[in-house]
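Given the sequences, and given the hints that come with them, work out the whole structure.
Chains R and W are the protein sequences, given in the same order.
First residue of the first sequence: 1, per our numbering; consecutive thereafter.
First residue of the second sequence: 1, per our numbering; consecutive thereafter.
None of these hints come from the bench; they were simulated from the model.
Since the model is a prediction, treat every value here as computed from it, not as a measurement.
Cβ coordinates follow ideal geometry from the N, Cα and C atoms, glycine included.
One thing to keep in mind: the hints can contain errors.
Label pairs and their computed distance ranges (CB to CB) [said to hold, decoys possible]: (1) W:Ala-140 x R:Gly-186: 44 to 50 Å; (2) W:Asp-29 x R:Ala-152: 45 to 51 Å; (3) W:Asp-211 x R:Ala-200: 50 to 56 Å.
Below 20 Å or equal to it, Euclidean Cα-Cα: the simulated EDC-like pairs (lysine to aspartate or glutamate) are [stated by the list, open to error]: (4) W:Lys-53 x W:Asp-218; (5) W:Lys-277 x W:Asp-264; (6) W:Lys-53 x R:Glu-218; (7) W:Lys-53 x W:Asp-75; (8) W:Lys-53 x R:Glu-173; (9) W:Lys-53 x R:Asp-217; (10) R:Lys-177 x W:Asp-3; (11) W:Lys-53 x W:Glu-18.
Here are some of the chain R residues that sit facing chain W, going by a computed Cβ distance under 10 Å [unchecked claim]: (12) Asp-217; (13) Met-223; (14) Cys-225; (15) Tyr-228; (16) Arg-234; (17) Leu-255.
Next come the chains, spelled out residue by residue.
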Amino acid sequence: MALKDITLGQFFPGSSPIHRLDPRAKIVGLVAYIVALFLADWFVTYAVLLAVLAIVVKVSTVKVKALLKGLKPVIFLLVFTAVLNIFYTPGTPIFSLWIFTVTYEGVLHAFFMVVRIMMLISCTFLLTYTTSPLALTDGLESLLSPLKKLHAPVHELSMIMSIALRFIPTLIEETDKIMSAQRARGADFDTGNLLQRAKALIPLLVPLFISAFRRADELATAMECRCYHGGEGRTRMNRLRFRPGDVMFIVGAVLLAAVIGVMGHFGL
Amino acid sequence: MNDIIRTENLTFRYTTEEGAAPTVLDGLDLSIEAGSFVAVLGHNGSGKSTLAKHFNAILLPSGGKVYVDGMDTVDESRLLDIRRQIGMVFQNPDNQIVASVVEEDVAFAPENLGVPSEEIRTLVDDALKTVGMDQFARHAPHLLSGGQKQRVAIAGVLAMRPRCIVLDEPTAMLDPVGRAEVLSTVKKLNRERGVTVVLITHHMDEAAQADRLIVMHDGKIVRDGSPKEVFRDVEGLRALGLEVPQPVALMYELRRSGVDAPLDTLDADECAAALSKLLS
Chain R
1 MALKDITLGQ
11 FFPGSSPIHR
21 LDPRAKIVGL
31 VAYIVALFLA
41 DWFVTYAVLL
51 AVLAIVVKVS
61 TVKVKALLKG
71 LKPVIFLLVF
81 TAVLNIFYTP
91 GTPIFSLWIF
101 TVTYEGVLHA
111 FFMVVRIMML
121 ISCTFLLTYT
131 TSPLALTDGL
141 ESLLSPLKKL
151 HAPVHELSMI
161 MSIALRFIPT
171 LIEETDKIMS
181 AQRARGADFD
191 TGNLLQRAKA
201 LIPLLVPLFI
211 SAFRRADELA
221 TAMECRCYHG
231 GEGRTRMNRL
241 RFRPGDVMFI
251 VGAVLLAAVI
261 GVMGHFGL
Chain W
1 MNDIIRTENL
11 TFRYTTEEGA
21 APTVLDGLDL
31 SIEAGSFVAV
41 LGHNGSGKST
51 LAKHFNAILL
61 PSGGKVYVDG
71 MDTVDESRLL
81 DIRRQIGMVF
91 QNPDNQIVAS
101 VVEEDVAFAP
111 ENLGVPSEEI
121 RTLVDDALKT
131 VGMDQFARHA
141 PHLLSGGQKQ
151 RVAIAGVLAM
161 RPRCIVLDEP
171 TAMLDPVGRA
181 EVLSTVKKLN
191 RERGVTVVLI
201 THHMDEAAQA
211 DRLIVMHDGK
221 IVRDGSPKEV
231 FRDVEGLRAL
241 GLEVPQPVAL
251 MYELRRSGVD
261 APLDTLDADE
271 CAAALSKLLS
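Here it is, written out as structure tokens:
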């Protein structure tokens with residue numbers, strides 16, 4: 001098992017204009033783009049959105065291969081959606097087989113649905129590929145800060161997220177160590193059926209959890225020692241700043257959603 | 001008043017559910033002078049870490065008082081003032097680094113204190129330079145060595161500009177190179193910046209480098225003096241289950257076999273000088 005290959009929240013550092021955008025601009029842009037995706041419903045609008053995505057990918061210097069790799073885990077979902085849409089959309093039948101009827105509308109619907117999901121996932125991955133996890137949490141905290149008025153624990157959530165990200169490599173290293181230690185005592189993690197393998201994980205998970213709790217305890221003390229007392233009155237060293245480019249990006253993304261909405265309304 | 005930390009009859013008991021409470025600290029009277037370098041030596045369970053946690057109000061006394069720069073640690077309204085005066089560094093560097101970028105982590109304490117952004121920048125750069133980690137400012141902490149991580153942790157505390165740093169066995173998890181890095185950083189802070197240092201340790205050679213050495217046993221202070229005075233009493237320390245630094249041990253053995261060797265040789269150089277004097 002290669003634990004080092006875990007690609008959670010993967011980030012490809014770079015210096016493209018997309019990398020340099022304010023994380024908030026990117027998040028708003030992504031939301032606008034997703035809205036546009038759901039407003040689109042014919043070839044013209046999909047083509048426009050695909051062209052926009054292609055341009056952004058090109059500018060971001062993210063490899064298309066890396067984006068397609070992100071689609072791998074959802075292949076099943078894609079096939080499932082396609083099959084459901086092909087068989088269950090009523091309309092002009094092309095041919096039927098026993099109780100299954102394939103309709104012209106069904107094929108089209110399935111095609112659009114699959115393209116939509118693929119683009120949805122690709123643009124989300126584009127955000128995490130070009131934004132460091134830290135910038136992402138900062139951006140989210142800043143965007144959600146109006147919710148603080150409703151007593152939503154926005155600061156706490158973003159703190160939890162950034163600490164979780166900080167401890168992923170530490171806990172992976174620890175897992176490796178415990179696995180080696182248990183292997184040295186004769187534990188077998190790699191053979192046997194599913195149930196046996198799941199059982200073999202118990203001697204791994206128990207020490208891992210105990211140590212994680214101990215770490216959490218020590219970290220909490222260390223944070224208190226460094227005057228942590230929640231989000232109140234807290235300042236940041238690197239403040240997020242909107243530059244003209246960020247504003248233009250957001251305006252562009254919202255305009256795109258609006259234009260696609262209008263075009264979709266006219267059935268394009 | 002020149003004492004940065006002062007305890008009066010400090011007593012601490014853990015409260016257990018059964019009510020049976022073992023006494024961890026037993027009536028300690030202690031003053032730590034501002035600008036001094038104090039080492040606290042003792043066994044596991046001697047109460048030295050518990051004592052350290054009283055210095056910045058992580059633990060509050062069950063009896064007696066702790067004053068930090070004249071402020072009572074029980075006074076909740078002064079809590080942040082107390083904690084920014086007394087920086088605390090723990091054993092495991094991994095469990096005290098909060099952020100996934102070195103400089104972000106160092107900025108954590110001033111951010112909590114609400115320092116304006118531009119000033120945080122100067123505090124962070126200065127702290128990283130002081131511990132010699134400025135070239136690693138944009139690195140991820142988990143890729144650093146143990147000694148480097150511990151120096152980042154020290155920088156994280158320094159960014160509060162504390163008057164005193166309490167280090168609780170900071171070298172226990174480090175290799176010899178890391179230990180030397182951390183110790184020289186701490187000594188430099190004490191000498192060049194005038195920061196008061198309280199070093200809790202069970203390494204005799206580290207304790208020997210302090211100005212003042214306190215030995216704890218069963219929640220009580222059993223020895224208090226300069227390292228030379230304390231380590232002179234080889235038999236007394238051994239009775240407490242503590243060893244003396246190797247140069248002192250060597251001299252002690254020589255004395256037992258009838259040579260009139262001095263017992264105040266704390267490091268190898270002093271020891272060599274004393275031996276050559278004996279031989280000539």
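So, going through the hints one by one against the coordinates:
no. : hint                              : in the structure
1   : W:Ala-140 x R:Gly-186: 44 to 50 Å : violated, 35 Å
2   : W:Asp-29 x R:Ala-152: 45 to 51 Å  : holds, 49 Å
3   : W:Asp-211 x R:Ala-200: 50 to 56 Å : holds, 55 Å
4   : W:Lys-53 x W:Asp-218              : holds, 16 Å
5   : W:Lys-277 x W:Asp-264             : holds, 14 Å
6   : W:Lys-53 x R:Glu-218              : holds, 12 Å
7   : W:Lys-53 x W:Asp-75               : holds, 16 Å
8   : W:Lys-53 x R:Glu-173              : violated, 29 Å
9   : W:Lys-53 x R:Asp-217              : holds, 14 Å
10  : R:Lys-177 x W:Asp-3               : violated, 45 Å
11  : W:Lys-53 x W:Glu-18               : violated, 24 Å
12  : Asp-217                           : holds, 9 Å
13  : Met-223                           : holds, 6 Å
14  : Cys-225                           : holds, 4 Å
15  : Tyr-228                           : holds, 5 Å
16  : Arg-234                           : holds, 6 Å
17  : Leu-255                           : violated, 33 Å
Consistency note: the structure conflicts with the earlier hints numbered 1, 8, 10, 11 and 17.
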